[in-house]
Amino acid sequence: MVPDVFYFNPTCELAVANGSFSYMPPRLLRGFERDCSILPFVFGKSGDFVLTEEAPSKEFTIRLKDTGFEMPEFCQLQELISGKTETIGTILPWGWSPAAHFYLKDLKEKCSPEFRESPVFSWKDEQKTLFERITSLDFLTLFLKQNPLDFLIGPELAGTKVTAIEEIEKLLNNQFPLVLKAPVSSSGRGIQIIRKPKLNTSNRQWISGILNHQKYLIAEPFLDKAVDFSFQFKISNNETEYLGYSVFETNTNGQYQSTLIHPEINQTISVEMNSKIGETALLLKEALKNSVYAKWHRGFLGIDAMIYSETGGLKIQPCIEINSRMNMGILSKKIENIIHNDSSGKFELFYGSNGEFRKFVNEKEQTNSLKMKNGKLSSGFLSLVEADGNKQFGAYIEVGTAK
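Reminder that position 383 of the sequence shown reads as 383 in this note's numbering, one-by-one numbering, no gaps.
What the hints contain is simulated information worked out from the structure, not anything from laboratory work.
A hint or two may mislead.
Unchecked claim - Each computed SDA-like pair below joins lysine to any residue, with the alpha-carbon atoms no more than 25 Å apart: (1) K289 with E241; (2) K359 with S369; (3) K105 with I134.
Let's have the full structure, built from the sequences with the hints guiding it.
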């Protein structure tokens, strides 16, 4: 079996916005990429490779395997280039960018003919547009025009492109709070919620900074959110596959916090609304087939969406933004394969001071030990990143809530 290679670069959007082949993320984000570099093991199978500067201990990988994960091998980039394997099927970074292509350029020489012929084998200017919110907005606008369904958001609430502070002030005369979004950002970053009808000095400075560097913003009405969720797809040369949806949690500013495992969504919304999510997913799948995403992207793709409250009941905002990359939602869907069907919980990221993750993991493992049922994880705490050294970042799952 020809191995695939996985590479964790969650700062890919920042690299795309920067455009340089030599882009270097800010120090803190480099720490996140380094500390959590093994996370793509969730997608791998035996024989695959995950790139990391420091492989986890054998004890840790055995623990993950015993929990149900099919473990790939961890190695440094130079090991693969120097001959650890002669051929590679596909390289699967978290997301493609000019910097990722430059970093992996020598490894690409070993890839399969199929991967060489795919649109992601080399960087093209058109691929940058896939990471821009205006492309997501254009997709949504056309989608709503083609699917004028009463349970979907009205086109007047979909959002608009603004290029000047005066345009934002005009919008605030009619509606607030107002959500402003930078053209390119990730995981809820690059977002500012204007909660009052007048812009303050801080608002103006942030808006001016984005407009000076990225030329425009997306302005959206602030919706009365009931559920944040994400439609998960996989795009290949021959088809667009729907993989299900994931439910996630954000903070008050809309920034990602955690993803639910086996979410009990029917406690929040009706069975009828749940069926409308399925209907929307199939319509999105068809829309993707004829989109720029099917033309220029290959691999996992997430469409962030929302169920929100409007006069008369709940509605679906089917496309808040499109993530042309791996995401924590599809990672959590993969994790669900090892979780018992009667259990639910969360996948969550950790951030603290140097060495704090180790202390956190030690305490959790003592108070919430793992329990298996019929070969599946039924309850307990499991770190997905080895808690060694002075790591500030980590990732873990905690399950056990009975359904």
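How the hints compare with the structure:
no., hint, result
1, K289 with E241, "holds (10 Å)"
2, K359 with S369, "holds (15 Å)"
3, K105 with I134, "violated (30 Å)"
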